[in-house]
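Colleague: Sequence:
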Amino acid sequence: MQSLAMPAFLTSLVVVAAMGWYIVELRSEIEQLQREVQAARATTSRPQRDPASSQTSGAAAPAAAGRVLTEEQRAAMVRTLGGPNSSLANPVWFATVQTDPEAVAFQKQIQRAFEEAGWIVKGNAPVRFRMKPGVYVFAADEDPPAYVGTAQQALEDAGIEITQSGRGYREFYRQKKAENPNWIGFDFAEDQTYVIVIGRKPEPTPPAS
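Residue 164 in numbering that gives the first Met the number 0 sits at position 165 of the sequence shown; the count goes up by one each step and never skips.
A few of these clues could be false.
[What the hints assert, rightly or not] Here are the computed distance ranges between Cβ atoms for each label pair:
id : residue 1 : residue 2 : range
1  : F171      : G148      : 13 to 21 Å
2  : A63       : E141      : 32 to 40 Å
3  : G184      : S86       : 15 to 23 Å
4  : S86       : F128      : 30 to 38 Å
5  : E189      : A88       : 33 to 41 Å
6  : N84       : A177      : 40 to 48 Å
What the hints contain is simulated information worked out from the structure, not anything from laboratory work. Think of the CB as a built atom: it goes at the ideal place given N, C-alpha and C, for glycine as much as any other residue.
Using the sequences and the accompanying hints, generate a full structural model.
Modeller: Encoded structure:
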């Protein structure tokens, strides 16, 4: 009787051991499956980057086109100024926002047109204060020489919009300095009659809605 009980007992131990091993393996597989599910969820919840959008955000925005004096504009300007190789020898003074490369390049184009018409460039002063974009013409006195009007007309004939023009700037400058010695403006030389100011390029006007 004892000899029959022993094999049965051993068999029970083997079965219990096998079941224990199976439970351990099953639990291990369940834990592995849970880890895979969590990893998949994390990947799904993470926002996917669009390759096209990432390239767009990484690339620099195209620079806005600078102002260019076309051949037709240059010819119109020279014609108003007196024609090519004119012997008028009228003076012209410039002031430019020299920290802005676009304004510097545009001023050079305008200056070349004046020089082609025989005008004498008397100076190109830096603008030492922040001003609104655009092109300005300021006359020193209330009754400037006729060539000041010719210079402004040449710009307008070339399609260059004058943001602001004015007369009597020399007296205006004196008054502002008397009110505030730290005020900064265009300090005209003794023989200077006007100045053409080349500022930054104006922003394009948005279309009407």
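Colleague: Which of the numbered hints are not met once you compare them with the structure shown?
Modeller: 3, 5
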